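Asks: Spelled out from the first residue to the last, the chains are:
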Amino acid sequence: MSDITQALLVSIKSVVTLATIVLVGVLSVKHEVLDRQAVGVVAKLMNTVLLPCFFVGKDVRSQTFSVCNFSLADILGKGLSVAKFEQLWPLVIGGIVLQASGVAVGWLVSLYARPQPFFRKWFILAFAFPNVVALPFVLLESICANQAAEMGYATARACADEGGLMVFMFILTLDIGIFVVAFEWVAERAPSAAAPARIAGSAAPAPIAGADLETSLSKDPARPEAADAGGALAGTGTGAGSGSGSASRPSGCSQGARAAAAMLQRAFLKPAVVAQFTGIAIGLIRPLQHSCFDVDGLLSPIVAAAVVLGKATVPAVNLVMAASVGCKLMDMRKREAPLLSLLGSEELGISRRTMACLLVGVPSFHMPHALSQRARSDRSSCMT
Amino acid sequence: VHDLTRALSPAPLKRLLRQVGKCVLLPAIQYLLVVSVLDQLPEARLARMIFFLEPVGPTASMVVVVAQIVGQQRAAEALATAIIPQLLLAIPMISLFVTYALVVTG
Chain L
15 MSDITQALLV SIKSVVTLAT IVLVGVLSVK HEVLDRQAVG VVAKLMNTVL
65 LPCFFVGKDV RSQTFSVCNF SLADILGKGL SVAKFEQLWP LVIGGIVLQA
115 SGVAVGWLVS LYARPQPFFR KWFILAFAFP NVVALPFVLL ESICANQAAE
165 MGYATARACA DEGGLMVFMF ILTLDIGIFV VAFEWVAERA PSAAAPARIA
215 GSAAPAPIAG ADLETSLSKD PARPEAADAG GALAGTGTGA GSGSGSASRP
265 SGCSQGARAA AAMLQRAFLK PAVVAQFTGI AIGLIRPLQH SCFDVDGLLS
315 PIVAAAVVLG KATVPAVNLV MAASVGCKLM DMRKREAPLL SLLGSEELGI
365 SRRTMACLLV GVPSFHMPHA LSQRARSDRS SCMT
Chain P
2 VHDLTRALSP APLKRLLRQV GKCVLLPAIQ YLLVVSVLDQ LPEARLARMI
52 FFLEPVGPTA SMVVVVAQIV GQQRAAEALA TAIIPQLLLA IPMISLFVTY
102 ALVVTG
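Chains as they are written, first to last, in my numbering: chain L, 15 to 398; chain P, 2 to 107.
Bear in mind the hints are in silico, worked out from the structure with no lab data behind them. Just to be clear, a hint being listed does not mean it is correct.
What follows is a list of derived Cβ distance ranges for each label pair [to be verified]:
no., chain 1, residue 1, chain 2, residue 2, range
1, L, A159, P, P93, 15 to 23 Å
2, P, L39, L, K27, 23 to 31 Å
3, L, N160, P, V38, 21 to 29 Å
4, P, V104, L, Q269, 29 to 37 Å
5, P, R46, L, M277, 38 to 46 Å
6, L, V322, P, L97, 37 to 45 Å
7, P, V38, L, L122, 31 to 39 Å
8, L, A351, P, L97, 15 to 23 Å
9, P, A29, L, V106, 22 to 30 Å
10, P, V105, L, Q51, 43 to 51 Å
11, P, R46, L, F99, 51 to 59 Å
12, P, L97, L, C267, 52 to 60 Å
Short derived list, chain P residues pointing at chain L, Cβ under 10 Å [stated by the list, open to error]:
no., residue
13, V36
14, L54
15, G58
16, A61
17, S62
18, G72
19, Q87
Since the model is a prediction, treat every value here as computed from it, not as a measurement. For each residue, glycine too, the CB sits at the ideal point set by N, CA and C.
Only chain L is shown next, with the shape it has when bound in the complex (with noise of 0.2 Å):
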């Protein structure tokens, strides 16, 4: 088979693998198994849960190479060495470079797409955070499958398992890009969405984020949303000054350095943040290691059941996707809008210069249409 026709079949399988699963998250929603509300916990839930189990456990029985039964601390600990990582640091630069060049593009991009307010942050990280786990895991196996020994392997398994210890080096700093520092971006909104609950209330004492939220707007029936951030915030540690409003103010270097140490604390204590550290060190620490991951290792008890909630979060990820493309289009139904408003309309709340600009990079799905007719032009002056 060609590598061509091999790409396509590995493509076409992967993103009917991803439709089908879209589907049940749609008809979930539309049978009202799912809600909004049910999206949000799935989602707090996978953070606070699943996400650092998926970063700690491993199944130490399984004997097959996939992307929900390995962890951080599976591949680091079975395949890293100083020897490895002195061949394959660039890979951990090429993920930084990766998301460096994805924000820069996306921005520039931006610019001639110029997204609504409310999503110009979410587009330029729609440029910066690939999907670089599921899909290049699946192409890597195809490859392997049909070409281990061009590859330089014996065999296909020890060429995926190769593959996947340089996939996790290359996205070593990925989750810190996203969990860390996009994480902080996209939160900062939330005081200046809280400013004019604040104005209209009274002078209260200038708030940090996540305890100001919780306090001012989820009493706010009109505005779910933001109390839902509110919340959200505090339950993952962005809520890190609460009752800070209400104390003195400090005067001079103590408030800043009170403001970085806050910052920090928002910034790194997060529950996946704090995985991703922890599974690092288990992968690196032997002792720990064989205490984690040995049958009868001290700690294996616990590990078993970072196991077997880790497994449950790459479905959560595909399902908090699928149930949130059901509610939009339970919602576009409800305002009878027509199929091809998926591609840009008010109802999607994407303008289809924005939508365009996202997939292909033209600022209007009128272009084609407009080229079409300046050939015609050119046609016609040809025949003249």
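Keeping the supplied structure of chain L fixed, place chain P upon it in accordance with the hints.
Replies: The following block gives chain P in isolation, referenced to the frame of chain L:
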């Protein structure tokens, strides 16, 4: 000659650049970056393939989850819906990019 001059003028070039975006422009730029430093990358062919495989995917579902976690449901739903056409466009683009990567690293 006139057509050739017009084809090479900045306006069509600008138009061409605008016609390639997230699923095309970004991976292409990242591929160019990788090709330009190919000799500096690890010698293992599989490691080089990783550099080419990682940029080709559509937007990560995790970004939707983050939007849900911070309570921006409107953004989450818009983003999730925008991933669907990306997936469709990804089918031909991944095929082309992966084939190119296999040739370049071979």
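Asks: Now tell me, hint by hint, if it's right for this structure.
Replies: Each hint tested on the structure:
Between A159/L and P93/P the Cβ separation comes to about 22 Å, which falls inside the hinted range of 15 to 23 Å. Here the CB-CB span from L39/P to K27/L is close to 29 Å, well matched to the stated 23 to 31 Å. As the Cβ distance of N160/L to V38/P is approximately 27 Å, the hint placing it in 21 to 29 Å holds. A hinted range of 29 to 37 Å for the beta carbons of V104/P and Q269/L is inconsistent with their spacing of about 58 Å.
Between R46/P and M277/L the beta carbons are some 43 Å apart, a value that agrees with the proposed interval 38 to 46 Å. Between V322/L and L97/P the CB atoms are about 40 Å apart, so this pair conforms to the stated range of 37 to 45 Å. Take V38/P and L122/L: their Cβ atoms lie about 22 Å apart, and the range 31 to 39 Å is violated. At roughly 33 Å, the beta carbons of A351/L and L97/P sit outside the given window of 15 to 23 Å.
Between A29/P and V106/L, the C-beta spacing of about 23 Å keeps the proposed range 22 to 30 Å intact. V105/P and Q51/L have their C-beta atoms about 48 Å apart, which keeps the hinted 43 to 51 Å range intact. For the hinted restraint 51 to 59 Å between R46/P and F99/L, the CB-CB distance of approximately 19 Å leaves it violated. At roughly 56 Å, the beta-carbon separation of L97/P and C267/L lies within the given 52 to 60 Å, and the hint holds.
For V36/P, the suggested interface contact is broken, since its CB lies about 13 Å from the closest CB of chain L, more than 10 Å. Taking 10 Å as the C-beta contact cut-off toward chain L, the hint placing L54/P at the interface holds, the least distance being around 4 Å. Residue-level restraint check for G58/P holds (minimum Cβ-Cβ distance to chain L is 3 Å; threshold 10 Å). The restraint placing A61/P at the interface with chain L holds, with a minimum CB-CB distance near 5 Å, inside the 10 Å limit.
For S62/P, the interface hint holds, the least distance from its beta-carbon to any beta-carbon of chain L being 4 Å, beneath 10 Å. A hinted interface residue such as G72/P counts as satisfied when its beta carbon comes closer than 10 Å to some beta carbon of chain L; here the least separation is about 3 Å, so the hint holds. Contact between Q87/P and chain L, as hinted, is supported at the beta carbon level, the nearest pair being about 6 Å apart and thus within 10 Å.
In terms of the numbered hints stated before, the structure departs from hints 4, 7, 8, 11 and 13, listed from lowest to highest.
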